[in-house]
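These protein sequence lines map, in sequence, to chains R and C.
In this text, residue positions in the first sequence follow this note's numbering: the first is 889, and each later residue adds one.
In this text, residue positions in the second sequence follow this note's numbering: the first is 23, and each later residue adds one.
Only some residues are given here: those of chain C computed to face chain R with a beta carbon under 7 Å:
id : residue
1  : A84
2  : L85
3  : I86
4  : A107
5  : S118
6  : H120
7  : G122
8  : R123
9  : Q127
10 : K130
11 : M131
12 : P134
13 : V136
Pairwise CB distance ranges, derived in the manner of DEER restraints:
id : chain 1 : residue 1 : chain 2 : residue 2 : range
14 : C       : S92       : R       : L911      : 46 to 56 Å
15 : R       : A1157     : C       : R87       : 18 to 28 Å
16 : C       : G151      : R       : V1088     : 37 to 47 Å
17 : C       : G151      : R       : G1144     : 53 to 63 Å
18 : C       : E38       : R       : M1100     : 54 to 64 Å
19 : R       : A1157     : C       : G161      : 30 to 40 Å
20 : C       : S92       : R       : A1164     : 22 to 32 Å
21 : C       : N71       : R       : L1149     : 50 to 60 Å
22 : R       : R1006     : C       : P70       : 31 to 41 Å
23 : C       : R99       : R       : I890      : 23 to 33 Å
24 : C       : N71       : R       : V1088     : 29 to 39 Å
Because the hints were derived from the structure by calculation, they are not lab data.
Predicted model, so just to flag it, every value in this text is computed and none were measured.
Yeah, the Cβ is synthetic: ideal placement off N, Cα and C, and Gly gets one too.
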Amino acid sequence: MIAALKSEYRKLFSTRMWWVLMLCAAGYLALNAALMAGALGFTENVLTSDPELLSDPETMAAQDNPFAFLGEEGGAARMVYSMAGSFAYVFPLLIGALSVTQEYRHKTITQTFLAEPRRQVVLGAKLIAALPMGLAYGIGCLAATVLPAAVLLAVTGSDPGFGAAATWALFGRSLVNFAIWAAVGVGLGALIKNQVALIVVALAETQALEPMLRAVPTLINRDWAWTKFLPGAAGDAIQGGSFYDIMSFDGDSLPGGWAVLVLVGWAAALAALGYAANLRRDVS
Amino acid sequence: MAAGSTASHRLEGVIEVSSLTKRFGSLTAVEDLSFKVQPGRVTGFLGPNGAGKTTTLRLALALIRPTQGSVTFDGRRYQAIRQPAHHIGAALEAASFHPGRTALQHLKMLAPEVGVSDQRCLEVLELVGLTQDAKRRVGQFSMGMRGRLGVAVALLGDPGILLLDEPTNGLDPEGISWMRALLRAMAAQGRTILISSHLLSEVENTVDDVVIIAKGRLVHHSPLADMRAMAQPKTVVAASDPPALATLAQSRGWPAAPAPDGSLIITGPSAAEVGAAAFAAGLQLTQLASQTVGLEQIFFQLTQGGGLR
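One chain only, chain R, in its complex shape (with noise of 0.2 Å):
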């Protein structure tokens, strides 16, 4: 399994896609990071200059106000801190799925099974060095994010936040999240091994399909409880608190631990799906 974990890494590096794939997720996540940055630290500023907006209980106190974050200390600032996650978890998806595809796609698989045949071993290898790779993303993304809002928050008067525990916690914990969804793009690649159909997959469900189906029970009956079982919403309660909290609305999360166990859950199940449908097939 060593050997098999060095040979996906030295796989991983020495192709130009990992730092492509970087770069994108930092200008990404750096111009909307910054944008929001400014709109928020606008806003709260707005607020907190007049105590009677956010003291008066029918606007600030009500317990499902999605912007009661801005009367916290650094509230803004988590909030935008939390896009990294939010936004950006589609890429250790992409590193993941990519490490499956790619090999498909250039037929190295072949060379790959004939150095290590038992392909679960193979597989699993992918596995475990997704989690490595996923959360040098996540730190990769954070400081993308986290180093243009904190100047544009400081700029506009707001605290960082830097000195809320609070905000240490969500760092660590989006950290998490990244280093999983790295490991159900290993899943996922799995499953779906044609590398244009993947990507295509995997854009369409972060950015329309989860979106949408999590803002269902907002719209129909709040009820319903399933969607917080979705990866991107587990992945959300990882962080504990994401922007789509103030977009769709969605009702109540699953506790961080059982936030991880879910996301993983997700990433086994993709990949033994994937493992029978096409790693122990025939490779012609």
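Using the hints provided, position chain C relative to the given structure of chain R.
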């Protein structure tokens, strides 16, 4: 793991294909195929395109699963061997590389799983003559260079058994003679070499034994020398008195077939023998030419006829 190379040489290195059958849906790619490949020799695995050669090699390497039967290496199936690349090296026709990786990166990526050091990657590049191109991206490689890199991958674990699918494809004449020398040298070290080809002429100076298949079935298996012996001389002969010539052939017991132009094709004796017999019988010959069947023609007959065993 460093002992891998010597360990593999202590293995006998016998490849045994037994009752191997592979069906893809309604298509039977390989049917009840059985043969043995011996160490210390280069065996040519021959047949026309679509005969089932690549399928057989993929079955041997556990890349695809047989419908029936098995392929074993010293009695063990590929997937049952730990670190199999130490014992069996393979380069398949479809050997593919990520165009963005360099030759050295490609080998280094496989090295841990194969179970060899990075130093070994440089050694095999030297063996296949790619040292100069070690740090070039494979995307810039010619067909022949890709072929060499495929062989480098196969040699990475210093295996005692080598399976190469169409190794001369894309090689220039210099490359073909290099490949021949390499394979002969490796067989001389006691290794087992199996190379596939759809052209007998490309490998006839390299192989000791031939295994010929057609439509997924075995049609011939022998030392190449035995196959050469099957190439019987044929002579085209015509005389001013054709009936007398036919009588002469009959009296000598030579099988003769009339050709459309009125000449006879005699199988067995050489042109010199036929000429001498005609002279002795006082026949005036108008045509006498040797038309000996080449090895390639025998190969063609075997694969077309579905077997002249």
